[in-house]
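Sequence lines, in order, name chains A and B.
Counting from 1, one number per residue, gives the positions in the first sequence under the working numbering.
Counting from 1, one number per residue, gives the positions in the second sequence under the working numbering.
Derived by calculation from the structure, the hints in this document are not laboratory data.
Only a predicted model underlies this, so the values are computations on that prediction, with no experimental measurement involved.
Errors might be hidden in some of the hints.
To be verified - Restricting the straight-line Cα-Cα distance to at most 25 Å, the calculated cross-link-like pairs of lysine to any residue (SDA-like) are:
hint, chain 1, residue 1, chain 2, residue 2
1, A, K314, B, N290
2, B, K129, B, D269
3, A, K267, B, S68
4, A, K267, B, D275
5, B, K129, B, N13
6, A, K337, A, A358
7, A, K60, B, P268
8, B, K50, A, N76
9, A, K314, B, N305
10, B, K179, B, D158
11, A, K271, B, M1
12, A, K60, B, H265
13, A, K271, B, S69
14, B, K273, A, Y262
15, B, K228, B, I108
16, A, K271, B, P117
17, B, K273, A, D72
So the chains spell out like this:
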Amino acid sequence: MIAMLLAGGQGSRLGVLTARVAKPAVAFGGKYRIIDFPLSNCINSGIDTVGVLTQYQPLKLNTHIGIGIPWDLDRNIGGVTVLPPYEKSRNSEWYTGTANAIYQNLNYMEMYNPEYVLILSGDHIYKMDYEVMLDYHKANNADITIAAMPVPMEEAHRFGILVTDDRNQITQFEEKPANPSSNLASMGIYIFNWKVLKEALIALSDEPGCDFGKHVIPYCFGGGKRIFAYEYNGYWKDVGTLTSYWEANMELIDIIPVFNLYEEYWKIYTKSDILPPQYISADSMIERSIIGEGTSVYGSVYNSVIGSGVTIGKGAVVSNSIIMQDVVIGEGSVIEKAIIADKTEIGANVRMGVGEFAPSKLDPKVYNADLVTVGEESFIPDGVTIGKNTAISGVTEKDDYPDGNLASGEYVIKAGGVQ
Amino acid sequence: MRAIGIILAGGNNKKMGVLSQKRAISALPMAGSYRAIDFSLSNMTNSQVKKVAVITQYNSLSLNEHLSSSKWWNFGRKQGGLFVFTPSITPTNANWYRGTADSIYQNIKFLKDSHEPYVVIASGDGIYKLDYGDVLEYHIAKKADITMVCKRLPESEDLCRFGLVKLSDDNRVVDIDEKPMVATSNIVNCGVYVIRRRLLIELLEQCADEERYDFVRDVLVRYKNVKKIYAYPLTTYWGNISSIPAYYKTNMDFLDARVRDYFFHQYPDVYSKVDDNPPAKYNPGSHVRNSLVSSGCIINGTIENSILFKQAYIGNNCVIRNSIILNDVYIGDNTVIENCIVESHDTIKANMTYVGSPDNIRVVVEKNIRYDF
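Extracted from the complex, chain A is given alone in its bound form (with noise of 0.2 Å):
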């Protein structure tokens, strides 16, 4: 079996933190990237052959996948392929839908020629061995098996729906319905059979942003096929909106986490060059929080997860927050419920997170909790005030903060950072 790792997609419901680099490629957990989590799962369910599909914003991606190595996924035979879009004689065009992504690289799959193909998305965060998948659906004798797990019925209409028989064959198959005859909702994690598929895409191949959920899994199911739902009751988590995500990473701090990191097994691999050990002042204060390798802490830290090679200055207090790789903040700076991403520099005594909640000015489907949420590379001057629900990206000065104070529900967003 060969795993198909679709990590193209934007995520913009993540606001400015995925301005930059593709949500597959955002920072979770202190060290880790959303990534980390389905390729160490392939590692570790014993598939060695991945294929990362990317498209939007690339870079960090490609830099943080490089060849695989902390994966273990630097092989002779098989290990990471990264597969962008390209250009062919004909009928050159992006990757429109996620099965024209796979589409687009039958020629990867082909060349190893498997008998199953594991089609993953990039931005979940949890553990699964992908081969008991694999028996489940050879036991079943499937064509197609589904990994689907219950979510509440009134979340239902947000996903894929199954419904399957007292055998967990599919019966029925609802893309987003408005209302849903069953609470199993499809995890976006396929197992097909090689020649189910290809047949599949290339019958497919001319439907406009050709996607699994909407045309091919109707297609296969419209054409007989035996399909089936493997059903997965471990912890799961789509971090598709920065509630979502902040809530996701702060599950981590419990004193014993559902999601837990520090089992022995099944462990998460990513890339981390950072080495040092953290380093602790004698004036610092932690309590309930992660924190990354090569860390200084002169402040306090609350309920947070910290990121790798992050400077928290004498006196800041950081709570409820998430703080990436390499953020600077600075002294007597106070930051509640914020998400500040990688290589932010924050000035000294900078109030983050005060005020009221007020609805946001930049766009109320994204940002819509308490969050001040902060993209990359952005650099927020001494002495400002910031309210919640806030977005800023880019270079900011003290002009750019009115009276040195940025209301609630407003937003920065200035050119700036990598450029």
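Using the hints, position chain B against chain A.
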């Protein structure tokens, strides 16, 4: 770089006591995330030395484990790379390495098969950053036969643990006292040498013919008047781990902001094997002050002026002060540890007290009973 590298990591040191029971000196954990040999290995790779041999003998398993892949130090190359030489039986030799010179001599094929004109020999237990290229330039400028890196230490150090050298005005080595009873100088030999490859082969073959085996005693000391041996003065940090107090002090030096900044934040980096541990976790009740904490630690208690190596678990209400907790140690609730070095993989029960003193650091070795059920 016109040199190959040899790292001498074969010896034991009785002064390290129980800490060298299960590992080679060069495999001793250092500064939270590293092992001692990482410093000289990183110096080699950062000095663009492309081909390095590590010579090991005593408890070589620990070192072999650490060096299982050369890629972490950028030695996973087709040209050059990392070679680990343990003693082997050949038709002409059935001996262990009988000394430093002998250990290189037994691998003289490595020297003969190379084409680089110079050799950098380094000991595997020095904690320092040094561009060996600078030493080589100095060596060439001085028209030296052998250049040895030396460090001037304060008189207050216990100098008799070291090889002490006396220098002429232009840094030529005029006398070498190996671990004398009374200190004769405060300039110590750091165990890093640059020498022309052909000269080294010649000297080693001569030694072997005369059944002499030690590089310092049988080469440096005997040849000091006929060969030009120069000292390269090392002016930056040099830490050593030649005794338990020195090991404790060198680790604790990393709590000093200057030392930490020099090694962790200034170019070039020190490399080590990547372990894939999760970030460190601070639970309610944790209180950490002036300490280094490594990846994979879970902390529920109080830590002051200490170094936690990887994957330490600290129970509720524990108090750890002025101590070094090596890798993968489990410490039960309410335990007090002061001025101790806790050996790796120890299981420390709840409600225990281990107290050493600043002048007499206690080494705690307990059985790993976590999995005995």
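* Asked: Among the hints numbered above, which are violated by the structure, and what are their numbers in rising order?
  -> Violated: hints 11, 16.
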